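Chemist: Both chains are sitting in their own frames, so use the hints and assemble them into the complex.
Order-wise, the sequence lines are chains G and U. Each residue of the first sequence is one higher than the one before, starting from 340 at the first, in the numbering used here. Each residue of the second sequence is one higher than the one before, starting from -15 at the first, in the numbering used here.
Check each hint, because a few of them may be wrong.
What the hints assert, rightly or not - A few chain U residues that face chain G, going by a derived Cβ cut-off under 7 Å, partial list only: (1) PRO625; (2) ASP626; (3) LEU627.
Stated by the list, open to error - Anything over 10 Å on all C-beta distances counts as not near chain G; from chain U, calculated: (4) LEU13; (5) VAL23; (6) PRO34; (7) GLY121; (8) SER177; (9) ARG348; (10) ILE537.
Note that these hints are calculated values from the structure, not bench results. From a predicted model like this one, the values you see are computed outputs, not experimental measurements. Idealized CB from N, CA, C, for every residue including glycine.
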Amino acid sequence: MTSPLLRDGDRILVPPLMLFALYLLMAGHNRPGGGFVAGLTVAAAVVLRAQARSVDDALKLLPAAPVTMLAAGLGLAGLVALAPILGGGGVLDQPFVEVTLPLFQKVKLTAAFVFDIGVAGLVVGVVAAVLDAFGDTGTTSSPAQARRARDGRRPEIR
Amino acid sequence: MIWFFVTLLTAHVIGAVLTAVLGTRLPRLAVAAATIPHVVSIALLASKAPQVLDGERLTASVPWAPGLDLTLSFQLDGLALMMGLLVAVAGILVVLFAAGYTGRSGKMGPMLGGLVAFAGAMQMLVVADDLLTLFLGWELTSIASFGLIGQTHHVTAARDAARQALLVTGTGGLALLAGLVLIGQATDTWTLSALADTGVPGGAAVEAGVLLVVIGAATKSAQFPFSTWLPGAMAAPTPVSAYLHSATMVKAGVFLLLRMSPVLGDTQTWTPLVVSVGCVTLLTAGWRALQADDAKQLLAWSTVSQLGLLITAIGVGGEEVLLGVLALVVAHALAKAGLFMVVGAADVITGTRDVRRLTGVWRRFPSLGIGVVACGASLSGIPLLAGFVAKEAVLEGLLHEGTLGTWMAVAVAAGSALTVAYTLRLIRAGLGPVDPQPSRRAVDPVRVRLLAWPGAALGVLSLAVGLAPGVQDGVVGTALASISEVSETPHLYIWHGFTVALGLSTLAIGGGFLVIRLLGTGHAPRLWPTPPEGTFTDGVHLLGDLARRMSRITQSGSLPIYLATMLAVLIVLPGVPLVAAAVIEGSVPGSVVRPGDVLLALAIAAAAVVTARTERRFAAIMSLGAVGFGIALVFVRWGAPDLALTQMVVETLGLLLFVLALRDLPRRFGPDPALLSPALRWILAAGVGSLVTTFTLVASAARTATPPSAQLAALAEPDGGGKNIVNVILTDIRALDTLGEITVLLVAAIGIAVMVTTGRDTGPSLPVEEVVDSDAPADPTTTGVMEETR
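Pulled out of the complex, with its shape left as it was, chain U reads as follows (with noise of 0.2 Å):
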């Protein structure tokens, strides 16, 4: 089995390597490497799902660190398979719309390779079993997304989107990672397949976790109040939105409340918490949605409003709702997703998004027209379409969950109403007569068919969903039993008979007529202030300036200070409590003093006295290296031949360094800087030396256990295979110590570099340079610059 999630995720991480290396030149080539990946994911789903469809839950798990109980696990069951397939099909069609919308011009590579890399981590997201794989797979595509927002990477408010989304979706990330935390270690249980068993026990600890878990989820699903980043987000390219923001990222949120409904669901802030966040969400982005011009806008806030229903119902609970939530969450991906497509199809045929100037468009494309009313039914919920009949499942479920239930229901009818209007108006708009005046913009036939067909398509699967509904019933119904208890055999209707779910639809549906009635081809007016666009990023730059003027505080740029802080802090900290407690025992025990050792100090003493007192830095660096070496001897003496040898080998290293950089410095140092005087020095320097004495010989005499050194003497041959017990802890018994090690040298390596190169990238070599190109006499004040400068 475990073969199956390696071959899922590897697949797509081929397929984005693969895609973005064909890229642009090979567009063809790279528009099918997008491709199969999905397909890859379907043909392994389905050959899955007969097992999974009889309720079967397949895992696998490979442990990564057992010594931390890490471990990779994953599952496959009916929730997993339903959100597996959504991502794969949505992704099929979205590539296809992406070849389109970039066409000959645009950036393919990039953008179809990061929207694999995002399929991959949706994917790996879904079928997640243990907390922190889930965990993983959501980091990731925060990641994904924001190289996905921000591909257009020269404007500067695709950036600030990009850069917002990451912001907020990663916070709630931590949020959700503290949550996870929280939950598992109150439950010692990592696993959804084994919480979903045991449940959690009440408490604090547990409680916090939900609400964080709840943060989590309602950032990732832009919720009341982490919305903005929603509609910032629509800076990104349409195919990432009708990706990202419709049928795949946002619905992560969703997602991760299905799965845990049945652990957190009975606890006691999820229903409050959960259902308060939703409904608040549900109708204030309803009317932002009518508030907006800009088509993307309008379906951005849609969806906002769209999950917060989704997240209503969630919070409400029982069978027949997840039910109608399920089936609402495939409705409304397709849907979504297709209004996407035609609206990016509208955008790139006319030039523009903007409602009141779109007119004619449906008329003059009627695939495009299919596309849009058919996916504006369904999001509206107009009967016979897939939407109807989610929605019809959610309310009939939601009149059945007692009070709240009943409430709720009112709520997203409400919610419906405003549906339905924004929908007319963005349908509206482009059913207007055709602009007489030919398109500013001549496109490719081709070009015209991949842009509309996708959304067409997703019309008409919204159509054939809506007339049969039966067809998911398989799939949505053993998906509802992977979280909740299931007492019949799910079955979505077309028609519920005369019930007041019935009612409430039609109500909506009249609601959204009247409303857009009376507010003619305009927009909503504003009800109540929300903050202007860009607070976000004036808040970041806010942070910025705020961090800048604390490091012009506490950075002095003075080195000498740095020093003393430093020094002064090591005394103060360890050096208090060590002479309390030598003033305490009473005594300082002593050591091993032999006479070799005693004229070996005193050289190395002498050596440093001269380091420090020298005016001249040659033979400051002279008398530290043999300091250095003198170190070098004492562990030659104690027996340490590894440690002497790399001693000498980084005096020799460092001496040969200090007289490379000698040769760009004056011979002689500078006066003092007068920053400390020479009785702090005295007292600093006396302090340290003292310290470091008394620590060396109270900690080699307070050992009271039997040092692990000798067990590693003892291990290292026979498990490390040598005979040099340092070499074998080095690379073998402590290697991930090294490992570590050495990543830090790599990391600061670079940044030395960085540090270098860029401070002259902009210094004086550059006039130098030019006055060199243009073989004039040196000019003057550059060279006089230049001088400054050093």
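Isolated chain G, as found in the complex (with noise of 0.2 Å):
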């Protein structure tokens, strides 16, 4: 049923597009850019995979099941704008640093990079989490169902 434009486009596509994100991400400081970008360009991906193959595919696309990506995502920022508190310092306070690294001389290191991964890795996981939730077609059940068929249904609670 799937075109071999749209398979061979999700073929050659993926791959340039997460290699794309990452850029998006690393120069979202200085360049346009950003980690709300990049996440979206991830789920672009993701969703592309969904139409050429399938949901469950495009998961794999993902280093964790969605509902992990939203947890770590928010968990990650949520941690940037709090461990200033623990250095005596303010919610959200976020230092930064300039380090010369072999290859990639003067680097700058900022803990907005930190929260910037968060806001990608959730917004990637909100995605995920749609698609997981839809499944491939209306009729089928979806993953997130199927895995609830499995575990057993819970009772139900008045």
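Modeler: Structure (structure tokens):
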């Protein structure tokens, strides 16, 4: 049913999309880009794969289950927000240091970058969670629902 | 000093998690893990006790949002020391009792973990100095108690009771918050210690604050008219009741009033309000306790009544009275926790809590007998026990407080008579002849010891404190010094001489015996109509029905109607004043228009028209995408690459998701729903279009101040360490906003996932699975149903 155009398009496009997302994330602080766009780009790649193959295959592109991505994303951002308290600073005081690494020369390491990673993770998680919930089509059960059926349904509580 | 408070609180957090994790599988370790936080509390408090007893007030604070003047601040003074020790000592005994109560089969982890978490919340409340820290601890105790009362969540009654407790104490918590804010605003002082020094001004705001604070305390301490949640909460396992409804949670209200009495004691509302609430509760709840046959209900109403006594006395106030109140807080906690444990033990051993069927239990298990007699005697104020010393001190103090004090002393004596009566009923119940039939339940002797000894220990402790009341002089006296002016070194006496107070005590004891003589073995008659059980739950259900009816009216379920409503509001609310202002100003400012923009705008408009007019879904989606990309081009032309980038990616993603959804939808749109006529649609569309255009023009020309963006741009590089201003704003300067936004995203994602999967759970997919499983030919009716549902 899937058209060859879509299948090959998926095969050729997904890796560079991922790379582009990585670039957007890394460059974000100084050039156009950032965690939000990077996350959306990954999400676009995931949805493309879901179109070309299946939602299950698409979710395999991600390092973790959608719920985990959601939790980890918000957790990371929250951690960056709260971490300065330990050092005696205020919430969301974000330090940055400039270090010189071989190959990259001068690199600015900012806490904001970590925050951005969290944002990206969460955005990907949101789209993935929606995909996971809806599944491939309306007729068959979605992965999330299949899991539920397998784990046994919770008893009804009034 | 801050490490003291951090250790105190984190010990409970760690203990709670550890206990819950070890749980039922490693019961011994779980019990140990649940005991350790209390031991840590006692050790910490003991280490600072010498300083506190010298009259020092130890404080520490952490600013957590200095920009908003929000600070977490703590204090350790005499009152905090006393309450903290009480919470921890009762905590250890309750943990041991709970171990016996649940036995091996029980769900030990969640309950013990909950108890530890609750103790942590209580400690936080006790050491709070900042008003909002106090509120935080207060609310945490409400939430923890919800989980604890609802422990047996498969029982409807337990769930209803937990919900009622949460709703009542939670609402009271909101009243308290409002009251604290009113007082804080009026004085511009947000710590208890500073408030105690400066006092509060008169005025309506402060008086309203007093009212709200007292409402908060009354809900927590189950005072009239909020009493019923506490007897309901007897659905909780007995260890929970022994802890929450004797020594800790319900004492939080008393504690709050004690803390507030030096601050608010001189306001006009305080004394009349507090005294009347306390006094009504003292007497009515005392009678209700006499009506109960369930021993736990009896104890619950007894607690309500005794708290009423304490609150009455706090309302009257005065140095001597408060000394008695503090001693009575301790004595009541010891006695009532003990009684709950004894009743719980009898419940486990005999399988009943009905006082008419407990016959012979105290004789069969002498350790239970010691507990019930000693604790009961202390509760009733029988001489030589802690309760007697404390009640004498309260009566003695009240008699020195003028007419109001004298009347209240009489009320306290009457309440005490009721206390003697219902306690006698409880004690006498188990003293009868031993049931010759062996108990239906064989209970392991180790378990019986764990069940009986904590109660007996509390009884012995009550006796010891009663015989040597001087041992508590130090702690209670320092606690008194932290809430009242102290003229001489306070001292608690076992013997005041032949005083009026002693006379009142004697009358109370005699009266109690008389009442029980008149009643015989039965329970007291109902003197006034009380709402039947379940009234509260019915009320909650009624509220739910009302909400459902409301949403049936407002939520038609039709997307066109929703959209039309929103757009109409948009046109009317900002639109009317905008047009009015434009008419008054006389002109709408122009803007820079470049030829390229005009072309772009025409293209976007054309795509939008196609989206609206086309009959095919796919075409609509594609042209909608064209609109989006056109707007991205506008961003590019006006030098906003970040915006353009995001817009493009969002459009792409949206397009992809739409196409994914398209698989399940018909190719063409159905006929237009007749709900909205085309004319109305045209009016709405034209209205919104012109409104947004006008608004953009006016808003961009109306600026008079320098835009803050210039400042942000200047800040970006040195402060945020990045050259991309947009990104620096998102991740650094306005990072809190971003954090909030991604939280909303997360919640939305969970909402979508739950909505979709829940709908499917009961949806048509199940019959299909069944058909496939059974290998039978497809059932025509099921498939028919499926098609219809789709």
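Chemist: Indicate, hint by hint, whether the structure satisfies it.
Modeler: Hints, verified against the model:
1. A cut of 7 Å between beta carbons decides the hint on U/PRO625: the least distance to chain G is about 4 Å, and the hint holds.
2. With a least beta-carbon distance of about 5 Å to chain G, the hint placing U/ASP626 at the interface is held under the 7 Å criterion.
3. Taking 7 Å as the C-beta cut-off, the interface hint given for U/LEU627 is violated, the closest approach to chain G being about 9 Å.
4. Every C-beta of chain G lies more than 10 Å from that of U/LEU13, the closest at about 29 Å, which supports listing it as non-interface.
5. With a least beta-carbon separation of about 27 Å from chain G, U/VAL23 lies farther than 10 Å from that chain, consistent with its non-interface assignment.
6. At the 10 Å boundary, the C-beta of U/PRO34 stays outside the reach of chain G, the nearest C-beta of that chain being 30 Å off.
7. With a least CB separation of 19 Å from chain G, U/GLY121 remains clear of the 10 Å interface cut-off, as annotated.
8. Look at U/SER177: its CB is around 24 Å from the nearest CB on chain G, clear of 10 Å, so calling it non-interface holds up.
9. At roughly 40 Å from the closest C-beta of chain G, the C-beta of U/ARG348 stays outside 10 Å, upholding its exclusion from the interface.
10. The claim that U/ILE537 is not at the interface with chain G holds, since no C-beta of that chain comes within 10 Å of its own (minimum 26 Å).
The structure fails to meet hint 3 from the earlier list, while all remaining hints are met.
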